[in-house]
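K.L.:
Sequence:
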Amino acid sequence: MSFEHHQIPADLLAWYDLSARDLPWRIGPAARKAGIRPDAYRVWLSEIMLQQTTVAAVKPYFERFVARWRSVEDLADAETDDVMAEWAGLGYYSRARNLHACAKIVAHGHGGRFPPTAALLKALPGIGDYTSAAIASIAFDEPAPVVDGNIERVVTRLYRIKAPLPAAKTAIRRTVAAITPTERPGDFAQAMMDLGATICVPRTPSCLICPIAAHCAARSAGDQALYPVKPPKRAVPSRVGAAFVALRRADGAVWLRRRPAPSMLGGMAEAPSTDWSARADGETHAASAPFTAGWVHAGTVEHGFTHFKLALEVYRAEVETVTGVEGWWAPPDRIAEQGLPTLMRKVVARAIAAEPALAKEKRPARKQRTASIRLEAEPEGSFSLVDDAAAGTRRPPRPRRRTRRTSARWSKG
DNA sequence: AAGACGTGGCT
DNA sequence: TAGCCAAGTCT
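Residue 44 in my numbering is what sits at position 44 of the first sequence, and the numbering runs on without skipping anything.
Derived from the structure by calculation, the hints contain no laboratory data. Don't take each hint at face value.
[Said to hold, decoys possible] For lysine-lysine, the following DSS-like pairs were computed, each having C-alpha atoms within a straight-line distance of at most 25 angstroms:
no.	residue 1	residue 2
1	K162	K59
2	K169	K230
3	K230	K309
4	K122	K104
5	K59	K104
6	K162	K122
7	K233	K169
8	K233	K309
9	K162	K233
Using the sequences plus the hints, can you model the full thing?
P.N.:
In structure tokens, the structure reads:
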């Protein structure tokens with residue numbers, strides 16, 4: 001098989017010329033061959049956003065970022081809180097912090113130009129092995145070995161690499177370096193990623209239409225499903241906590257504060273919440289309310305993170321004002337601008353959807369619809385309360401069975 | 001160097 | 001449903 005290695009780039013690039021995905025941060029293969037290079041700012045921004053994140057999720061964020069900040073200098077001059085708020089919902093928020101730090105270095109330390117080699121790029125915050133190679137090859141034509149999850153899959157199949165990840169990374173990188181062409185290295189990297197994303201997919205790869213099936217050892221052996229070999233996953237533990245949503249009686253504004261930078265969701269806005277502990281009960285929640293108010297249990301929000309599951313008990317209270325604690329009021333029509341991560345959007349949505357305690361006493365008990373109600377950020381920046389169960393949206397009916405929770409009323413002290 | 005770090009879509 | 005997975009980086 002090895003005597004055919006030199007054919008891989010040619011066959012793959014021929015396929016890419018016809019089948020390249022049209023993405024907002026890309027220039028097409030035709031433009032690239034005409035000597036046009038993509039804007040390094042857009043390449044960098046897209047690569048940071050795409051870390052562990054799907055293309056579909058990234059697209060609207062990318063469009064909003066480049067519309068708001070047209071250059072790396074613009075982004076460097078933005079307020080960090082604005083950058084964080086614009087990032088809200090994309091996840092892995094240290095990326096946004098590093099993004100802004102990187103923009104400042106490039107704008108004020110490198111004259112607004114990204115350094116053009118992988119080695120130099122890798123010194124910048126948020127740019128590691130993959131991203132440095134991707135930017136260097138796509139924006140600057142350096143034949144740096146680009147290795148992401150797609151390419152790991154493609155290469156372990158091409159060469160039947162049986163060593164489990166991540167130990168196999170060194171061998172994979174060496175292999176990618178050996179087949180990366182000096183002509184069109186950026187298109188080669190993007191072609192490999194397109195192949196992994198559309199044909200050489202994890203479960204059932206479409207080998208019949210693969211442009212490099214002829215060079216694939218796993219395809220020959222028929223064991224392509226075995227690669228890449230990965231270690232078993234650890235079970236994810238559960239944590240619990242409570243969140244407190246104060247609503248200003250006058251206008252329905254929500255009291256928010258900022259989470260400390262180095263923590264989970266660091267630097268993002270939140271409705272004040274307790275620590276998220278491995279084990280806790282109502283007593284802990286009560287003692288941890290941020291201030292005294294008529295807190296009423298409004299339901300539970302469940303949220304899955306990478307390394308733990310979280311169940312947050314949501315309490316709401318209607319108040320005149322708040323004193324003695326750090327934070328700010330977010331008017332109801334401006335909640336979308338506050339930079340609430342998805343977990344906290346769920347929390348606020350749950351609290352707003354909960355019926356006021358007084359009304360509740362007058363009405364017959366009604367089943368809670370915790371998971372069907374959500375806050376949705378509209379593209380224009382508005383923020384709407386969506387009730388899937390009532391609105392007749394044509395989502396497949398979700399199996400919903402939720403134990404009715406009694407509203408516990410208590411106040412601090 | 002293994003674990004922290006988000007979220008949404010798909011099976 | 002519950003798990004798996006996605007253009008990784010940092011410590």
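K.L.:
Hint by hint, note whether the structure agrees.
P.N.:
Here is what the structure says about each hint:
1. Taking the CA atoms of K162 and K59, the gap is about 35 angstroms. The hint is violated against a cut of 25 angstroms.
2. A hinted pair counts as satisfied when its Cα atoms are at most 25 angstroms apart, and K169 with K230 qualifies at roughly 12 angstroms.
3. Of the pairs offered as hints, the one joining K230 and K309 holds, with about 23 angstroms between alpha carbons and a cut-off of 25 angstroms not exceeded.
4. Between K122 and K104 the CA atoms are separated by roughly 16 angstroms; this keeps the pair inside 25 angstroms, and the hint holds.
5. Our distance criterion of 25 angstroms between C-alpha atoms is met by K59 and K104, whose separation comes to about 24 angstroms.
6. Between K162 and K122, the direct Cα distance comes to roughly 29 angstroms. Violation of the 25 angstroms bound is thereby established for this hinted pair.
7. With a C-alpha separation of about 18 angstroms, the suggested pairing of K233 with K169 holds against the 25 angstroms cut-off.
8. At roughly 15 angstroms between alpha-carbon atoms, K233 and K309 fall within 25 angstroms of each other, so this suggested pair holds.
9. At most 25 angstroms may separate the alpha-carbon atoms for a hinted pair to count; K162 and K233 meet this at roughly 18 angstroms.
In this structure, the earlier hints numbered 1, 6 are contradicted, and the remaining ones agree with it.
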